[in-house]
Amino acid sequence: MNKKMDIKTIFGKSQRLWILVAVMLVLTVLQPGVFLTAANMKSILLSISVYGIMVCGTIFPILLGGIDLSVGAVAAAAGAFTVTWIVDHGFTNGAVVVGVLGGLLLGAIVGVVHGVIVTRFAVPPFLITLATQNIVYGVAQLLTENNVIACMEPASFAFLGGGRLLEIPFSIWIMFFMAILSYIILNKTVFGRNVYAVGGNAEACRLSGVRSRMVIILSYVASGLTAALSGIVLASMNRQAIAKAAQGYDNYVLTALVVGGASLMGGEGSILGAVWGAFLVGVISNGLRLVGVASDYHGIVKCIVIVAAVALDAHVRYKKSGLQKSSSLFRKKEKA
Amino acid sequence: MAALLEMKEIEKSFNGSPVLKKVDFSVEPGEVHALMGENGAGKSTLIKILTGIYPKDGGQIYWNGNPVTVDNRKDAASLGIGVIYQELSLIPTLTVMQNVMLGKEQSKLGFVNAKKMKQKVTELIEKYGFAVKADEVVETLTIAQRQTVEILKALSEESKLIIMDEPTASLSAKESDALFDIIEQLRKDGVSVIYISHRLEEVYRLSDRLTVLRDGETEAVLTKEQINPADVVRLMIGKELSEATASNSLRKSDAPVRLKVDGLTKKGVFHNIGFEIHEGEIVGFAGLVGAGRTEVMRCIYGADPYDAGTVEFEGKPLSKQITKNIGIGFGFVPEDRRNQGFTPLLSIEKNVALTNYDTLAKNGFVKAAAEKKLGVDMVERLAIKPGDSQIPVGNLSGGNQQKAVLAKWLSRDLKLLIIDEPTAGIDIGAKDEIYKILEKLAENGTSVIMVSSDLQELLRVSQRIIVMRKGEVFTEFSSGRITQEDVLMAESGILTKEGEADE
Amino acid sequence: MRQENMRRLISVASLVVLALVFGFTSSGFFTATNILSILRECAITGIIAIGVSFVIITAGIDLSTGAAVGFVSMLCANFLYYYALPAELIMLISILAGTLCGVLNGFIVTKLRVPEFIATLSTQYLFRSMVFVFAIRESGVITNKKITDPGILIMGGSINGIYLVTITFFALAIVGQLILKKTKLGTYIYATGSNRKSADLSGINTDKVRWTVFIITGFLCGIAAIFEIGRIGSATTDLGTGLEFEVIAAVVIGGCAFSGGRGDIFGTAVGAIFMAVLQNGILKYNLPTAAQLIIKGVVIVIMIVFDSVYNQYMQKRIQQKSNQDTQMAGGEA
Amino acid sequence: MKKKLVSLFLAGAMVASILAGCGNVKTDSEAAAGDDGEAATTEAASGKDAYADDIKIGFLPNVIGDSCAAAWAEGMEGYLNNFANVTFNVFDGKASVDTENTIMEQMINEKYDAIILQATDAAGLAATTDKAEAAGIPVITCNLDADTTHTGLVAAVDIEAGEQIAEYIGESLGGSGKVVIISATPGATKGENIDKGFKAVMEEKYAGIEILDEQSGEWLTENANTVMNDFLTKYSEIDAVLCHNDAMAEGAAEAVKAAGREMQIWGVDGESKMLDYIEQGLCTGTIYTDCQKQGAACAQFCMYAIGSGITAKNLSATPIVKMSPIVVTKDNLSEITEDMRW
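Residue numbers (my numbering), protein chains in the order written: chain F, 1 to 336; chain H, 1 to 503; chain X, 1 to 333; chain E, 1 to 342.
Calculated from the structure, these hints are not laboratory results. Warning: the hint list may mix true and false statements.
[As the list claims (entries may be wrong)] To give an idea of the chain F side of the interface with chain H (calculated C-beta under 7 Å), a few residues:
no. : residue
1   : Glu145
2   : Glu153
3   : Ala155
4   : Ser156
5   : Ala158
6   : Thr189
7   : Val190
8   : Ala197
9   : Asn201
10  : Leu207
11  : Gly209
12  : Arg213
13  : Gly267
[Said to hold, decoys possible] Cross-link-like lysine-lysine pairs, in silico, BS3-like; alpha carbons within 27 Å at most:
no. : chain 1 : residue 1 : chain 2 : residue 2
14  : H       : Lys74     : X       : Lys182
15  : H       : Lys48     : X       : Lys197
16  : E       : Lys199    : X       : Lys146
17  : E       : Lys293    : E       : Lys234
18  : X       : Lys181    : H       : Lys74
19  : H       : Lys316    : H       : Lys373
20  : F       : Lys42     : E       : Lys257
21  : X       : Lys284    : H       : Lys133
22  : F       : Lys42     : E       : Lys234
23  : H       : Lys133    : X       : Lys197
24  : H       : Lys373    : F       : Lys188
25  : X       : Lys145    : E       : Lys234
26  : X       : Lys145    : E       : Lys322
27  : F       : Lys188    : H       : Lys118
28  : H       : Lys116    : X       : Lys182
29  : E       : Lys257    : E       : Lys56
30  : X       : Lys182    : H       : Lys118
31  : X       : Lys182    : H       : Lys133
32  : X       : Lys284    : E       : Lys56
Just so we're clear, the structure is a prediction, and the values are computed from it rather than from any experiment. For each residue, glycine too, the CB sits at the ideal point set by N, CA and C.
Assemble the whole structure, with the sequences as input and the hints as a guide.
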């Protein structure tokens, strides 16, 4: 019993994470001496690092019951800004600093716009971020003039995405750093507490004196910031900026969050779960490649894993509590 | 001739505590039968058993003399029992006709015969002279009109019995009158009505018979001639109880005024509300559902805007922002606990901490140890069960949820606590604990405004009782010996004892 | 009723305004061929949008439509190439396969209790992969083959300049509108989305309704796939990528609310045409692609914000009306 | 209920097929060709003076934003800027057959004088290409052609590129070794063609070389990096990597460098960044095509076709101009002079 509790605390409340353990076990057996090696783990982490960084910020709107579909576009635009700035200002370290800060600022501005529109006009975030996705990709095209902007120098910029620290790619460090930062914000600050609370019951929060509008805006800013950061890392990793960078990353991010136990209704989910979720997706892709399944068929496995994870979770909860919304089947069981 | 409905020796208990103890209840065809009783007397449980929402523990239901089982709403509907819910259960984006016919559309191969259905609904509307049209969309209707749609829905099912639960709670006088006309019409048509209401004058005006429930037992069944407001009130409360719960502790406070409300008005909801609250005082707000008490409190707290009037706190005009009001010592426990009181997925600790981050945090960072300590302290201080501050509030029982909501405020330097229906849906033991908490708060100088529909509670806890009626302050009891009867009469607009009525 | 008409008028008006702007500021917008081609462009999105409107009116969402179209198209191409089945049979297969996609979505949503968003996000992965399962390969390499069956190709054709796909779209839209407004199912769809609890209480099997709308959507994806391959004369592996978002945008711009219970097929059709006009008009200015994207995004944002402001205004009015009524009555009391 | 709907729709579909039987329904190209009168006038109009009358030329690449498309556009613009009477527009195919078809359609409606197309899918753009040609608009395809006769194709090599890389690897490895492939997005024509050429040569001439594995890097640098990492984990011995474009080769090179291993890495395209990689010794080689020149060639072809009034009608097969590929390795890097880099 005690042991069980320990494992539970490690994985959080979500049942879905057990799937990860199962998948890893299978792969370890299938690919002995290859899958479960430090080098391979490193390679998995590297492969998820870009959207792993995004996940750390995109979780904020998700926790509020919102969504941010513009993260890919923001990443492209921020990367484009940083690279063009560095290229235009002579590849100096100073230019790198300004470029990176500028890219982040761009992400933050997009976040503010989202937050303000969502709070002021009560429009569905799904739609508004889908529309701004167009605009932000447009900005990325403007910045790059639809060309590939190569940026091989300076070393400081290349280090962001391609460097190594203690034998571990720097982008993984950034991902861990962002995850920890995000963890601290979500779990150790008042703002983080408010995010969960507003996501769980906005009206109760208002009556408890929480400035929910501010909480929402800041959450979208967080999302924009991490998207921008991941875009910059991606640009550095590829030593270039292209307008269509990070297309489709919105899906990766959502998948990671959902697999990691976040509920799109808000109020539920943890950064730990999200990173585990991202890791699981990475593990699956990696595992399928190692086993030699063509990338064409990865989707089938992904679908099954996601559905299994979420359905398992839903099932367990459905059985366990009356908390679940909806479902007429419950009404009788609920006590007066 | 057999009665239309007969419920015999109905029993029901929740968690071992009996709610209905062998209740008998019967309705004749074409009669308006009022069902009255204090909160917790067992009215709604009885109705829920009748409509198949709760299973009964014992007893038998007879319909036209035949024993029947009602396991779900469908069973009830097929017998001919229609219910007008307090919270309307219409589909807002559909038309009146679609709502009325929902689930029983006349159709051929899946295609509805709109013409025929509209004709049917229009006929019904005309027959009863309702003020709605068949093709109006429900969300554009007023609440009174929506209620008539609910009634139409019941009528269209050819219900023999329609249950109305506090139907006039949110209606204006004119709208109520229209409803009474409808009920008259129903009676003429041979449709029976079970009419649940706290409003004596309505019951007096409408009902053919009246059953009074008290503590899960049938106290009396009165015929029209026997119905007399004062008697009914006495029956509802019970003589011994009335004596036992009478309050001798009413008094005026001479402590400084903490909150002064003057001329507070919100169009169509309440107007010209004025009262004063002193330091360390517990003031009860009595009134029937819909009297405007909750709305007044929300406006004072800053949750809703108001149209006119002034609110002064310790001599200074009060801000209209919740956050600022909390900063100067306000606390607020809302009526709708589940939707407004707490965040169900979060633990007791996190819920309690939500209002306290001004002290529990430094530079935006939560002092985790202090937060945890507060949670543990509060669980201990309020004896919240189970005694673990990490359990999500949504998983607690009603009483413990309410304690958790209260706990949000208790560690603060509270100057004024507004608490709306503090013990609704809470068991007796927890009630007492909550009263003790309120009393202790007052002893320490906090002013408490308690909105309550529970007369016993009002008398037990309050030092003064302000009675609201139809959006206005009706009277105030602040001295002498007051019984539940007095308050209930006042709520119904009858003054037995001269308080300091504003009028 | 009046409010609904008002809403319709506004969406038609915004479409007209947009068209007028393009008509006066660019050349060749108001020509028969251009208008016919706009009506062609909107049709495939529109056909699927009919189904997705149903889903969104039940307060759900379907993110898998684009991938479903891709999968079904490839399946048809595959059967045409390897088995040379007759066109009629291929169409039947297409519709069946599409319907099956819908059945699967519905199953996951109602039986496995996976929220719509997640369920259809994951089936999107699945259908995308199924494309590759059925992709035509020559010595292991995916090779897109031209479809030569005239019975399929004719589906991309036109009668007197009016494209078959346009005709089908309008026909299906009318059928869809009829289903929504004239059948039991339609009423149940609104009821499910608007207030699921009450719908349940009224004896409606809301799970069945939710499953049905997914099946209809799948069915329409099957139809859309026929026209898709008929028009382009082959099936490619990336066919339908991103289509789901275009569809959702059309549906929502047409007045269906994510919260459910609102909107109709008329609005959706206007929404689909709106998106096609926008796309068509923007291309006429010879602007750089960046400017095109930005304009498109800004117009959509304006539409969404306007819609929300309008809805809030209407709600306020209803409230005021209801307040006034009580007030008048209260005054007398 | 549902059954009824299904039958309703089936009836609709049947009606449609009956209509088809009547021969009233015309496919696009039939419709365009059928309007004889109109087509004739357009044709007459397109026999206009390419160097004096107002001319509109559109360029529709598979997707914009990559270096090839940019270089092509630059080359075209560079050439067409010589003529004041020519308007030149670049569109975005968004790597989608649908989008490309839509834009083609619109260019036809707006009576463009010539279209330069990089077809996302050869079969998928055949119909609209036919329609354009039937309407008298010459279509010149750039690299990726449409599967129908049209005015011209200006192609960089793809099958040949695969073959040449195979030759080089085969020779330098001495006929035995292990190779992995990081391929394009599955189904992409260019990638599939490179694969075809590469595998054919390997099979025929270098049976001793084993192709260990093939996974998609979806044209992207970062994905190629991931895929390469997995290959490196899985196979302790790899002698050469073939990537279907330079961007992926760069990603693979980073992975190989990070792992501290050494092997041949090949890309295709010859973008300037790749040349830098080759210079630094990170990549082995690429098949260089002068994309700017190729763009200019497309533009020249257009002007010629407009001036002479040639469309597919006058042709029995698509004339092809092949850009000469240069196999670039560190040894001959200097042959690619600064002005040839893009």
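Okay, the hints, checked on the actual structure:
no., hint, in the structure
1, Glu145, "42 Å, violated"
2, Glu153, "39 Å, violated"
3, Ala155, "36 Å, violated"
4, Ser156, "31 Å, violated"
5, Ala158, "35 Å, violated"
6, Thr189, "5 Å, holds"
7, Val190, "4 Å, holds"
8, Ala197, "5 Å, holds"
9, Asn201, "4 Å, holds"
10, Leu207, "6 Å, holds"
11, Gly209, "4 Å, holds"
12, Arg213, "11 Å, violated"
13, Gly267, "5 Å, holds"
14, Lys74/H <-> Lys182/X, "25 Å, holds"
15, Lys48/H <-> Lys197/X, "17 Å, holds"
16, Lys199/E <-> Lys146/X, "24 Å, holds"
17, Lys293/E <-> Lys234/E, "41 Å, violated"
18, Lys181/X <-> Lys74/H, "26 Å, holds"
19, Lys316/H <-> Lys373/H, "35 Å, violated"
20, Lys42/F <-> Lys257/E, "15 Å, holds"
21, Lys284/X <-> Lys133/H, "49 Å, violated"
22, Lys42/F <-> Lys234/E, "14 Å, holds"
23, Lys133/H <-> Lys197/X, "25 Å, holds"
24, Lys373/H <-> Lys188/F, "15 Å, holds"
25, Lys145/X <-> Lys234/E, "35 Å, violated"
26, Lys145/X <-> Lys322/E, "24 Å, holds"
27, Lys188/F <-> Lys118/H, "60 Å, violated"
28, Lys116/H <-> Lys182/X, "12 Å, holds"
29, Lys257/E <-> Lys56/E, "48 Å, violated"
30, Lys182/X <-> Lys118/H, "12 Å, holds"
31, Lys182/X <-> Lys133/H, "19 Å, holds"
32, Lys284/X <-> Lys56/E, "12 Å, holds"
Checked against the numbered hints given earlier, this structure breaks hints 1, 2, 3, 4, 5, 12, 17, 19, 21, 25, 27 and 29; the rest are met.
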